[in-house]
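K.L.:
Sequence:
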Amino acid sequence: MQKVYNDFFGTFGGRYVAEVLRCPLDELEQAFLEAMADPSFHAELAEAQRHFVGRPTPLMYAENATRALGGSRIYIKLEGLANTGAHKINNALGQALLAKRMGKRRIIAETGAGQHGVATASVCARLGLECTVYMGEVDMARQRPNVYLMELFGAKVVPVRSGSRTLKDAVNEALRDWAASWEDTHYLLGSALGPSPFPDMVREFQSVVGREVVEQIREQVGEEVEALVACVGGGSNAIGFFAPFIEADRPKLIGVEAGGRGNGPGEHAARMSGAGVEGVVHGYKSLFLLDEDGQVLPTHSISAGLDYPGIGPQLAYLGRIGRIRFTTASDAEALEALKFFARHEGVVFALESAHAGAVAMKMAREGSPDKAIIVNMSGRGDKDIFITAKAIDGEKWREFLLREASS
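Mapping to full-length UniProt numbering: the sequence shown position 37 is 37, numbers consecutive.
Keep in mind that a hint or two might mislead.
What the hints assert, rightly or not - Restricting the straight-line Cα-Cα distance to at most 30 angstroms, the calculated cross-link-like pairs of lysine-lysine (DSS-like) are:
| # | residue 1 | residue 2 |
| --- | --- | --- |
| 1 | 362 | 252 |
| 2 | 339 | 252 |
| 3 | 339 | 396 |
| 4 | 362 | 339 |
| 5 | 252 | 371 |
| 6 | 252 | 3 |
| 7 | 156 | 390 |
| 8 | 339 | 390 |
| 9 | 100 | 156 |
| 10 | 100 | 3 |
| 11 | 371 | 339 |
| 12 | 390 | 362 |
Stated by the list, open to error - Okay, the calculated beta carbon distance ranges per label pair:
| # | residue 1 | residue 2 | range |
| --- | --- | --- | --- |
| 13 | 183 | 47 | 28 to 34 angstroms |
| 14 | 2 | 389 | 40 to 46 angstroms |
| 15 | 183 | 16 | 21 to 27 angstroms |
| 16 | 403 | 223 | 48 to 54 angstroms |
| 17 | 389 | 127 | 30 to 36 angstroms |
| 18 | 249 | 295 | 38 to 44 angstroms |
| 19 | 322 | 404 | 49 to 55 angstroms |
| 20 | 137 | 222 | 45 to 51 angstroms |
| 21 | 322 | 36 | 26 to 32 angstroms |
| 22 | 395 | 22 | 51 to 57 angstroms |
| 23 | 176 | 70 | 50 to 56 angstroms |
These are computed hints drawn from the structure, not numbers from a lab. The beta carbon of each residue, even a glycine, is placed where N, CA and C say it ideally should be.
Kindly generate the complete structure, drawing on both the sequences and the hints.
P.N.:
In structure tokens, the structure reads:
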């Protein structure tokens, strides 16, 4: 049985932080372990999952897509139907309830694609907690709808103008804030990475996705499940989706990284395909895209949620021992998958999840009709409309924006 708290996964993980962060991390570890052993905390979390998040989310048979592709049957776990539109709400809710239990009055968070920031701001509004979200200036520009929602929920969104002005720089700023404010502030980290206990904590709060899939396979899927497919940025949706299946031999677990627009440095964010090297960044040991001097390399993905230069330590370990197979999908393949599922199933994948959709399409074409593939639609694509509309139908979108700006 998988342990609630591991600290290290093989040689990955750990807590490589400045002395000033050891005390808040020790406090958080103790509070997390106590909460996980307390039935009243689980009951409070389950009630909020039902009535605030809207769980369980459906597992939809993609009948039209299956017919169009031939081969294996495709099922889609619709995490995009959760409140705020993505799986991120699961972890935000769990950590915010834990923070209240610890007596914290303020939450800080970082966000890349914006969905974690929106989920955190929403939960803070619900629970009456003050909220500050750090976000890279580049990400703020390309995810403007999510910035608007965070502010609507009452959060203060702080633009980060250092470095590449993306997620890794937002993490740095959030850690600086926490080091100075931890006595009344909880850092609500959004992915299954960072110093322990964050990787274990995020997996536990996201594993509700995988536990629902176990039940839904039993109730809905008659044929053998060949594979589960999930996109991997930091890896929160993937580790939650995979969690109940990790210690079994089947089904196959497929992680899809951002192949971007090429294989050179700065053209992708694929860490598990041989380009990632061992290092310590943001307080934990894992595989990162680093140069010869150990400095973080620039990355690229059409999805703001997949361009983080590192990967969660448990996923790195599971990839190293072969339990998870990692592959990539390019920007163009993700856009094609988004259009395909929109046209055939009436669902719009977030650009992150569309990378998983692209690989599921390839596997389905090559598979057998008596096998099933389940892809995790970790979020819906509303937030990406300023990217996808420009990429798919640029001139019409430009004309619309000009009309709106002049009206």
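K.L.:
Would you mind marking each hint as holding or not holding in the structure?
P.N.:
For each hint, the structure was consulted:
Note on residue 362 and residue 252: the hinted pairing holds, with a Cα-Cα distance of about 15 angstroms set against a maximum of 30 angstroms. About 26 angstroms separates the Cα atoms of residue 339 and residue 252, which keeps this hinted pair within 30 angstroms; it holds. With a C-alpha separation of about 17 angstroms, the suggested pair residue 339 and residue 396 falls inside the 30 angstroms cut-off, and the hint holds. Taken as a hint, the residue 362 and residue 339 pair is honoured in the structure, with Cα atoms around 15 angstroms apart against an allowance of 30 angstroms.
Taking the CA atoms of residue 252 and residue 371, the gap is near 12 angstroms; set against the 30 angstroms cutoff, the hint holds. Of the supplied pair hints, the one linking residue 252 and residue 3 holds, its CA atoms being roughly 21 angstroms apart against a limit of 30 angstroms. Restraint check for residue 156 and residue 390: the C-alpha separation of about 28 angstroms stays at or below 30 angstroms, so the hint holds. Simply put, residue 339 and residue 390 have alpha-carbon atoms about 13 angstroms apart, close enough for the 30 angstroms limit, and the pair holds.
Pair hint residue 100 plus residue 156 holds up; C-alpha atoms about 19 angstroms apart against a cutoff of 30 angstroms. A C-alpha spacing of about 24 angstroms is found between residue 100 and residue 3, which places the hinted pair at or below 30 angstroms, so the restraint holds. Only pairs whose Cα atoms come within 30 angstroms are accepted, and residue 371 paired with residue 339 is accepted, the gap being roughly 24 angstroms. Taking the CA atoms of residue 390 and residue 362, the gap is about 26 angstroms. The hint holds against a cut of 30 angstroms.
A hinted range of 28 to 34 angstroms for the beta carbons of residue 183 and residue 47 is consistent with their spacing of about 29 angstroms. Residue 2 and residue 389 have their C-beta atoms about 41 angstroms apart, which keeps the hinted 40 to 46 angstroms range intact. Remark: the range hint 21 to 27 angstroms for residue 183 to residue 16 is upheld by a beta-carbon distance near 23 angstroms. The hinted range of 48 to 54 angstroms is satisfied by residue 403 and residue 223, whose Cβ atoms lie roughly 50 angstroms apart.
The given range of 30 to 36 angstroms is respected by residue 389 and residue 127, whose C-beta atoms sit roughly 34 angstroms from each other. Evaluation of the 38 to 44 angstroms hint for residue 249 and residue 295 yields a pass: the beta carbon distance comes to about 39 angstroms. A beta carbon spacing of about 51 angstroms between residue 322 and residue 404 agrees with the range 49 to 55 angstroms that was offered as a hint. Under the hint 45 to 51 angstroms, the C-beta atoms of residue 137 and residue 222, about 50 angstroms apart, fit the expected range.
In this structure, residue 322 and residue 36 meet the distance hint of 26 to 32 angstroms, their C-beta atoms being roughly 29 angstroms apart. For the pair residue 395 and residue 22, the beta carbons lie near 55 angstroms from each other, so the given range of 51 to 57 angstroms is met. A hinted range of 50 to 56 angstroms holds for the C-beta pair residue 176 and residue 70, which are about 53 angstroms apart.
Checked against the numbered hints listed earlier, the structure breaks none of them; every hint is satisfied.
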